[in-house]
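Enquirer: Each chain, letter by letter, is given below.
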Amino acid sequence: MDLLRFITCGSVDDGKSTLIGRLLYDSESVSLDVLAALEKRQASGGVVDLALLTDGLRAEREQGITIDVAYKYFTTPRRKFIITDAPGHVQYTRNMVTGASNADLAIVLVDARQGVIEQTRRHTLIAALLGIRHFVLAVNKMDLVNFDETVFDQIAADYAALTDHFQLPTATAIPLSALNGDNVVSRSKHLPWYTGPSLLEHLESVPGAVETAAAPRFQVQYVIRPQTPELPDYRGYAGQVLSGQYRRGDRVRVLPSGSETTIEAIEVNQQEVEAASAPQAVVIRLRDDVDVSRGDSIVPASDEPTLTRELEATLCWMSEQPLWPGRKLLLQHHSALVKAAIPTILHKVNVHTFGRAAADSAQLNDIVRVRLKTAVPVAVDNYHQNRATGSFILVDELSGDTLAAGLIGAANANYFTAPEPSPVAFSI
Amino acid sequence: MSTPSFDYLDRLEAEAIHILREVAGQFERPALLFSGGKDSIVLTRLAEKAFRPGRFPFPLVHVDTGHNFPEVLAYRDALAEQLGEKLIVRSVEDTIRRQRLREPVGKYPSRNPLQTYTLLETIEEFEFDACIGGARRDEEKARAKERIFSVRDEFGQWDPKRQRPELWNIYNGRIQKGENVRVFPISNWTELDVWRYIQRENIALPDIYFGHERTCVVLPSGQLLGLTEHIRLEKDDEIVTRQVRFRTVGDSTCTAAVESDAATVEDIIQDLLLAKVSERGATRLDDNISEAGMEDRKRNGYF
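Protein sequence lines, in the order shown, are assigned to chains A and H. Take the first sequence: its position 389, counting from 1, is numbered 389 in full-length UniProt numbering, and each next residue is one higher. Take the second sequence: its position 128, counting from 1, is numbered 128 in full-length UniProt numbering, and each next residue is one higher.
These are computed hints drawn from the structure, not numbers from a lab. All of these numbers come straight from a predicted model, not from anything done at the bench. Be a bit skeptical, because a hint or two may be false.
[Said to hold, decoys possible] Listed next, the in silico BS3-like pairs over lysine-lysine satisfying Cα-Cα at most 27 Å (straight line):
#, chain 1, residue 1, chain 2, residue 2
1, H, Lys177, H, Lys86
2, H, Lys235, H, Lys177
3, H, Lys177, A, Lys328
4, H, Lys86, A, Lys339
5, A, Lys328, A, Lys339
6, A, Lys373, A, Lys339
[As the list claims (entries may be wrong)] Label-pair restraints from in silico Cβ distances:
#, chain 1, residue 1, chain 2, residue 2, range
7, H, Thr264, A, Ala375, 50 to 60 Å
8, H, Gln82, A, Pro325, 38 to 48 Å
9, A, Arg248, H, Arg29, 33 to 43 Å
10, A, Ala265, H, Thr264, 35 to 45 Å
11, A, Ser399, H, Phe126, 19 to 29 Å
12, A, Asn350, H, Arg98, 58 to 68 Å
13, H, Gln82, A, Arg248, 29 to 39 Å
Note that the Cβ used here is the ideal one computed from N, Cα and C, for glycine as well.
Can you make the complete structure from the sequences, with help from the hints?
Expert: This is the structure we're talking about:
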């Protein structure tokens with residue numbers, strides 16, 4: 001049984017919380033006491049409001065909105081699912097980016113009465129920017145348009161025009177009613193003209209994450225040195241295989257120092273193994289006594305990332321204090337933490353059109369292209385080639401707050417010309 | 001080159017080990033909060049996988065309410081011994097005396113709210129900058145919004161509106177003086193995942209997790225509470241002896257037992273697959289007090 005992480009995106013009244021509630025409810029992932037607590041809160045009996053299953057915090061219940069990214073879990077005999085529920089309000093691009101950063105698939109929810117609206121575009125483009133390859137267009141509230149096939153077809157066509165225009169992966173369009181459960185878990189008799197899978201059937205069959213397709217990448221998180229009488233000289237480099245596969249005997253280079261050596265052993269749970277692949281947590285031992293510390297990369301000598309002190313990147317600015325050129329901060333690239341500066345803001349990206357606009361600063365929820373300089377070299381890949389080594393966050397040196405999400409890519413690169421399925425190509 | 005496939009437990013395990021190693025790499029004085037419950041026991045197994053053949057880069061810390069099940073305390077000591085890792089125990093009893101707090105009163109006096117005081121005292125005493133805990137997001141709605149690295153102020157307070165965005169698997173543990181971070185490596189595990197992992201890894205647990213005969217008080221809700229000297233009995237209380245097990249292990253005065261014959265981990269998994277009541281709902285007396293119970297306690301520094 002494998003794992004699929006997906007994000008749900010929709011506007012405030014698209015019924016997103018109800019859809020998640022319905023998935024949990026119909027897959028029998030909601031327990032009786034939780035339902036009882038919900039029923040107790042229902043003002044005057046009636047059906048249980050499934051949306052309440054996801055609205056966790058008091059302020060959210062009072063305002064009837066979702067403030068923050070929430071995580072929900074359910075399991076079917078075929079898969080474990082992690083749902084990231086990101087709020088849909090305009091001001092919460094930040095949460096959407098956060099949720100999409102870990103997702104394999106995005107469900108873009110639209111109200112059948114409204115069709116594709118501005119927020120639909122924004123959610124789709126942000127999800128694509130963050131490298132999501134699988135999209136579901138969930139056309140909700142079909143009951144309110146009498147389950148009309150032509151309404152669904154029109155919305156699906158409008159959305160296809162959008163994805164074509166931006167050369168995004170093709171979405172799977174599914175008509176449903178989250179409120180009544182039509183076509184969410186089981187297919188609905190109200191939609192006889194629809195011959196495709198129910199939403200859950202589709203989620204169960206989509207390919208999951210494949211980290212092994214990219215070049216081998218590993219970063220040292222922690223150095224294990226027992227210094228015991230039995231193991232006086234043991235030095236193990238503990239970390240996660242971020243992508244690709246490593247084998248014993250591989251010729252590797254340590255970055256940023258550049259020393260070349262050979263993998264002496266790979267250990268998983270103290271057992272030596274011949275090979276290890278992403279996302280395994282391993283300990284690597286090297287043949288030669290080279291200098292390696294936390295944040296260093298161990299990569300194949302024949303397939304290295306770019307070692308650089310100058311980056312171009314797309315930032316999603318997540319702080320209320322704006323970014324002005326010249327700002328100094330910390331750049332965290334997985335376990336590597338380096339001082340950095342942003343001398344230049346190149347342009348701002350319009351999240352509805354992905355057109356460019358001039359910008360002298362970045363405000364909360366803005367997406368901007370910038371040039372960055374780091375105090376020491378970092379070993380990076382382009383985000384579209386490697387989500388793990390092409391991503392970073394920016395951190396305020398004093399408060400420690402996370403200021404921005406960063407996606408590494410050279411200017412005018414085709415952002416999503418991916419090496420594997422569903423190439424997406426647009427430049428921003 | 002063949003493409004290995006990893007099942008969901010492999011992925012959850014890899015994620016948790018990665019998080020534990022980030023704690024080791026980012027903090028000066030981390031600690032692993034160990035309750036003797038199954039979730040913290042799983043954390044110790046994950047820590048072995050993360051740091052052996054080295055030592056754990058943190059001690060195990062137990063906040064003893066004084067109302068703990070004796071079986072759990074015995075298990076705790078034996079495990080620390082077997083792991084060869086340092087165990088720090090601080091007791092709520094001492095906090096009550098030192099801070100002149102009032103003992104909780106009532107029929108089933110729960111020291112759960114006081115645990116927070118002892119925890120904060122212990123964090124101060126040892127200047128812990130990160131505390132690893134076994135909380136899971138599936139436990140409760142307020143937990144569903146918690147970050148894996150959750151920054152707390154010096155009063156341990158959680159502010160859901162000021163949480164840092166947590167992107168990819170990059171964990172930002174940078175804090176200012178006085179702040180500390182709570183870290184939840186098994187955030188993405190469900191109760192069933194934990195049991196399946198215990199089964200796969202063949203992890204030994206305290207006996208009270210398995211069906212056993214126990215004298216219990218029947219609560220007005222119908223829940224069963226193991227009889228201990230901390231409960232004030234009244235003459236119309238119904239006392240029964242039943243075959244029970246505990247789904248969660250906390251303070252004995254606020255952790256109800258469930259009727260069960262489950263003798264093995266596999267039996268428990270089968271129980272769970274059939275169970276229609278959530279873990280906290282079945283067994284926690286304290287969360288039922290108010291709809292926002294957990295949210296309030298988290299804001300106040302509870303784990």
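Enquirer: Compare the structure with each hint and give your call.
Expert: A quick look at each hint next to the structure:
1. H:Lys177 / H:Lys86: holds (25 Å)
2. H:Lys235 / H:Lys177: Outside the cut-off at roughly 54 Å; violated.
3. H:Lys177 / A:Lys328: Judged against 27 Å, a Cα distance of about 21 Å means the pair holds.
4. H:Lys86 / A:Lys339: Judged against 27 Å, a Cα distance of about 36 Å means the pair is violated.
5. A:Lys328 / A:Lys339: Given pair lysine 328 of chain A, lysine 339 of chain A holds - Cα atoms ~7 Å apart, limit 27 Å.
6. A:Lys373 / A:Lys339: Holds. Lysine 373 of chain A to lysine 339 of chain A sits at ~9 Å (cutoff 27 Å).
7. H:Thr264 / A:Ala375: 50 to 60 Å: holds (56 Å)
8. H:Gln82 / A:Pro325: 38 to 48 Å: At roughly 57 Å between Cβ atoms, proline 325 of chain A and glutamine 82 of chain H fall outside 38 to 48 Å, so the hint is violated.
9. A:Arg248 / H:Arg29: 33 to 43 Å: At roughly 36 Å between Cβ atoms, arginine 29 of chain H and arginine 248 of chain A fall inside 33 to 43 Å, so the hint holds.
10. A:Ala265 / H:Thr264: 35 to 45 Å: Since alanine 265 of chain A and threonine 264 of chain H have Cβ atoms about 36 Å apart, the given range 35 to 45 Å holds.
11. A:Ser399 / H:Phe126: 19 to 29 Å: holds (24 Å)
12. A:Asn350 / H:Arg98: 58 to 68 Å: holds (59 Å)
13. H:Gln82 / A:Arg248: 29 to 39 Å: holds (31 Å)
When the structure is compared with the earlier hints, violations turn up for hints 2, 4, 8 and for no others.
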